[in-house]
Amino acid sequence: MTAEDDFDEFVRARWTATARLAYALTLDHQKAEDLAQDAFTKLWFHWHKVRDGNPEAYLRKIIASHFLSARRRRWRGERPTETPPETVADPATVQVDERLAMHQAMARLSPRQRAAVYLRYAEDLSERTVADLLGCSVGAVKQHTRRGLEALRTDITFATPDELADLTERGI
Amino acid sequence: MTDDLGAKLALLTDDRPEPADPAAPIRLRIKSRQLRRRTAAAVCAAVAAIAVVVAGTVIGSIKSAEPGVATPSPSPSQRTQNLDFRYTPLPQPWSDEPAFTTQPDALKYAPAFYVTDGSIPNEHWAVASYYSDGCLVITDEGPAKSFGGAKGCFYENWQPDQRSQYKTVPAVIPNAGSPMHLTMVMGAVSAEARKVRVTAGGKTYDTDAIGTPNSSRFRFFAVVVSAAESQVTAVTPLDAAGKIAPSPS
Chain A
1 MTAEDDFDEF VRARWTATAR LAYALTLDHQ KAEDLAQDAF TKLWFHWHKV RDGNPEAYLR
61 KIIASHFLSA RRRRWRGERP TETPPETVAD PATVQVDERL AMHQAMARLS PRQRAAVYLR
121 YAEDLSERTV ADLLGCSVGA VKQHTRRGLE ALRTDITFAT PDELADLTER GI
Chain B
1 MTDDLGAKLA LLTDDRPEPA DPAAPIRLRI KSRQLRRRTA AAVCAAVAAI AVVVAGTVIG
61 SIKSAEPGVA TPSPSPSQRT QNLDFRYTPL PQPWSDEPAF TTQPDALKYA PAFYVTDGSI
121 PNEHWAVASY YSDGCLVITD EGPAKSFGGA KGCFYENWQP DQRSQYKTVP AVIPNAGSPM
181 HLTMVMGAVS AEARKVRVTA GGKTYDTDAI GTPNSSRFRF FAVVVSAAES QVTAVTPLDA
241 AGKIAPSPS
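Residue numbers (the UniProt record's numbering), protein chains in the order written: chain A, 1 to 172; chain B, 1 to 249.
The hints are simulated quantities; they were obtained by calculation from the structure and are not laboratory data. Quick reminder that beta carbons are idealized off the backbone N, C-alpha and C, glycines included. Please note: incorrect hints may appear among the correct ones.
Label pairs and their calculated CB-CB ranges [claimed, not checked]: (1) B:Lys31 - A:Ser137: 37 to 47 Å; (2) A:Ala107 - B:Ile59: 37 to 47 Å; (3) A:Arg12 - B:Arg38: 52 to 62 Å; (4) B:Arg38 - A:Val138: 40 to 50 Å; (5) B:Arg38 - A:Thr154: 45 to 55 Å; (6) B:Lys31 - A:Glu9: 16 to 26 Å; (7) A:Glu9 - B:Leu11: 50 to 60 Å; (8) B:Arg37 - A:Arg12: 17 to 27 Å; (9) B:Leu11 - A:Arg128: 25 to 35 Å.
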């Protein structure tokens, strides 16, 4: 198997998880796809070094650093809107409500808070690993995570089912 | 809440469109990036090569312009040979001594050959021919700053029966009583000429018409007259017999 074939297999195997991570960070399908493709492209140029090691970790590192540096370059602040950008296929379902509410709640977090929360609780990574990925200290990760969770806790995402129903009625 | 958070985050990200083959667009990006890298590398290599050449030229010029550095001077014949410049010498007066051997802009004028030199109060001046078929420049060796390193070219715009083409360069020398007006008269005459007679301020000045390797059609001359620029009234080339030399052929 050539290096290219090997890499293509890795892309196919890791695409879904990588695209999920990218979407959790960017909260935008197009940006997420772009970020994921860009990360895999960058990974290819280091493939001969990392293929026998831990390419997943390297890929996560590329995603995190690329996302955070892009946010620094083009930071315009988060502006939650009344209407989410995604088209709601079936607004009556609770699952969609929860997804939309979660989307809005995550959008209110800072990029670092969002990354820390997702990597810790969705990818189940240790604080040390998250600190390495975000290029900060473990203490900073703890702080980002704590503040992120506090923001999420006060957010409507974690409100009662009645309040979620109200959210649906308001078209959110 | 954190127990529930993982599930909610998974819910957040599970509604995404999946491409048929995610490796295909990535392969395209890789090829595009490789192309950009190769192009950038080629551009960088070209820029680096140009920078090395320019830096070498500049450093060489600076070194040659360093004052007070005594370097062995090769003989005129050796220097001329090194220029790799083919020419057929004209009869005397003739100069094939390369000029600008100590000038920062030597390469700009090369190959250049001394025509003549002279002195004005507190300064030494020299004039050199350069460029194929006829330009002159006043060098600032000496330094002859009063003439400001002026230059002129004489290889075109000759009228029928025009026997000389020249340029005047004024210089005003501060003097205790009244400023001294001097004018450099430099130009070209035909290859048949041997001398040039300049009339200025009621006086006549004779100077040699010098042949150089830069031209087989022209000879060059330069003289400083004690007169204002407007007082230069005639520039007449004379042949070997002392008669008025013909126009350049």
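Structure-based check of each hint:
1. B:Lys31 - A:Ser137: 37 to 47 Å: holds (39 Å)
2. A:Ala107 - B:Ile59: 37 to 47 Å: violated (58 Å)
3. A:Arg12 - B:Arg38: 52 to 62 Å: violated (27 Å)
4. B:Arg38 - A:Val138: 40 to 50 Å: holds (42 Å)
5. B:Arg38 - A:Thr154: 45 to 55 Å: Holds, since Arg38 (chain B) and Thr154 (chain A) (Cβ atoms, about 53 Å apart) stay within the stated range.
6. B:Lys31 - A:Glu9: 16 to 26 Å: holds (18 Å)
7. A:Glu9 - B:Leu11: 50 to 60 Å: At 29 Å between Cβs, range violated.
8. B:Arg37 - A:Arg12: 17 to 27 Å: The hinted range 17 to 27 Å holds for Arg37 (chain B) and Arg12 (chain A), with Cβ atoms some 25 Å apart.
9. B:Leu11 - A:Arg128: 25 to 35 Å: Holds, since Leu11 (chain B) and Arg128 (chain A) (Cβ atoms, about 27 Å apart) stay within the stated range.
Against the hints set out earlier in the document, violations occur for numbers 2, 3 and 7.
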